[in-house]
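Visitor: Residues per chain, in single letters:
There are 2 protein chains.
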Amino acid sequence: MHKRLSLDEYRDGILAGNRVILSRAITLIESHLPQDKTLAQNLVEQLLPNTGNSIRIGITGVPGVGKSTFIEAFGKSITAENRKIAVLAIDPTSQITKGSIMGDKTRMEELAHNPLAYIRPTPAGDSLGGVANKTRETILLCEAAGFEIIIVETVGVGQSETLVKSMVDFFLLLMLAGAGDELQGIKRGIIEMADAIAITKADGNNLQASKNARLEYLHALHLYPSGINNWQTPVMTCSAINNKGINEIWETIQSYIKKMKLSGFLEQNRQQQNIEWLYTFIRQTLENDFFNNSVVIEKFAGIKEKISSGKMLPIHGAKELLKYAKSAD
Amino acid sequence: MHKRLSLDEYRDGILAGNRVILSRAITLIESHLPQDKTLAQNLVEQLLPNTGNSIRIGITGVPGVGKSTFIEAFGKSITAENRKIAVLAIDPTSQITKGSIMGDKTRMEELAHNPLAYIRPTPAGDSLGGVANKTRETILLCEAAGFEIIIVETVGVGQSETLVKSMVDFFLLLMLAGAGDELQGIKRGIIEMADAIAITKADGNNLQASKNARLEYLHALHLYPSGINNWQTPVMTCSAINNKGINEIWETIQSYIKKMKLSGFLEQNRQQQNIEWLYTFIRQTLENDFFNNSVVIEKFAGIKEKISSGKMLPIHGAKELLKYAKSAD
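Protein sequence lines correspond, in order, to chains X and Z.
With our numbering applied, the first sequence corresponds to residues 1 to 329, in that order.
With our numbering applied, the second sequence corresponds to residues 330 to 658, in that order.
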């Protein structure tokens, strides 16, 4: 493991756009050592005045939707404009496999070798909430390092979408034209979170099916009211291999950002995300402290069993556990 | 205020179906006095073996959808079969007005005077989570008192639907045929929670619009996969004033219950609801203790302000508050 740098060295390196130092600072954020955590927090806080200048985009979709191919093509659109893009990932499956969807950097080979792009694998071996906190701080570091577009990628299989939504300005849902039930495989509620839907792989034999899927989604979305930001979610088609529709998606995102900056929604949304982050972290800590309490752990299974079998009222069980936790403090 | 009865008097009265004693026991549940709470909890726990035998139905819909008219007609269907029905309410608006959607009992005048029916207004002046806990316990008391069908009514304006969903076997969403956007006014996500949708006021000039709305919803729902219970949400039309479609809805609910009993889903769902209740109550208590801590209250606004204005990292603010709370314990 590398020797730690000083706070000043990290800060100056990041502000100079030094990506080696950026990577080492992110490693600091991901560390479980208390002294690393303190240093990381001080670093991020010192850099706060240099953050906030990027467009934060969340991208999700089921495995097989062609996320990395899409992001590679999307990233090329952006770097072609001479703008810097960072790609981060929140991967719930990495909790189990200790691997990472982004671990194999060859997945986005071209983008990975582009000097305007920075790709960072997801940290493994952490709770989803823990990963989310680290990703939030990593976004800030990338912004301080001068990245203008930040992608947070997630696999569409669980709660990770809600977390990603809570840290980005724009949430893009990638969908695949399928036979029959178009929304299969996507957890209920995710559709409604999207700021845009893109049907991927709209090419070759799949072109007509993609166009049909687009109409289906448009129709379904039409039934929902637009949110407080007064934005009607567009549904688009694209083909990464033919490089069709990618620029249009990027333009849509830019027009969204422009509109939301003007209306004040962008800033308001970010402030609210920060306050949400405060509450979430407090809740996480309170619950972690409680459920990691050794007496609570010891008593939990027995109480759960009594509740499941209808012998104990849940409130009674909760009060007992809370009493145990308090006395063990 | 009435003098309190003994635990045995409450218990025997409820088991005998004495509705005066039932009402007084519910008042006990709603009380904020610690000794009342303890007595109430002991009472509910003693009655646990006599609970669980009802069909628990959640009903929601925006104001104007005709909820009370529907429930009155629905209740008549049930009492006509000589079965006992209780109607409870979770009303988020009562937090503000200290009034109650159910306070005016004349709203369901016929049902209110039917000896087989029991209508209980929502408790006021409590947090939504607090109301939910009390409603959960009230359901159990009503079951012990021999009610076979229990309706939990809610106004479709917030988080109350999720809470109601977490305590019932069947969740019925009432909708109004409108011009244009059929889902207007209904919070995103509620549609997907429904086990059935009923378009109300399908009569007179509104009949054709209701039929059209039904098709719209069917189409929209068709796009969603059926849940783990393998149930495809039906969309029905009804008219309370013409007494059309009400019996069909009741039959649908009964067929759902029969199917879910057979598959084991009903029992499994209730066990999971109980475990959720345990977790929810623990979380509520941890958070309440934290946010009601006097030092936390004193420091909170200042920290929130620093975070909002981008001067402090949310995690930093959270840690400070957690430290204050701990030292003040």
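One thing to keep in mind: the hints can contain errors.
What the hints assert, rightly or not - Just the calculated beta-carbon pair ranges, DEER-fashion:
id: 1; chain 1: X; residue 1: GLY52; chain 2: Z; residue 2: ARG333; range: 57 to 63 Å
id: 2; chain 1: Z; residue 1: ASP618; chain 2: X; residue 2: GLY310; range: 26 to 32 Å
id: 3; chain 1: X; residue 1: GLU9; chain 2: Z; residue 2: ASN559; range: 32 to 38 Å
id: 4; chain 1: X; residue 1: GLY204; chain 2: Z; residue 2: GLY556; range: 31 to 37 Å
The hints are simulated quantities; they were obtained by calculation from the structure and are not laboratory data.
Using N, Cα and C, we set each Cβ at its ideal position, and we do this for glycine too.
Visitor: Work down the list of hints and note, for each, if the structure agrees.
Guide: Checked hints:
Under the hint 57 to 63 Å, the C-beta atoms of X:GLY52 and Z:ARG333, about 58 Å apart, fit the expected range. The hinted window of 26 to 32 Å between Z:ASP618 and X:GLY310 holds, with their beta carbons roughly 29 Å apart. Between X:GLU9 and Z:ASN559 the beta carbon distance is about 59 Å. The supplied range of 32 to 38 Å is therefore violated. A hinted range of 31 to 37 Å for the beta carbons of X:GLY204 and Z:GLY556 is consistent with their spacing of about 34 Å.
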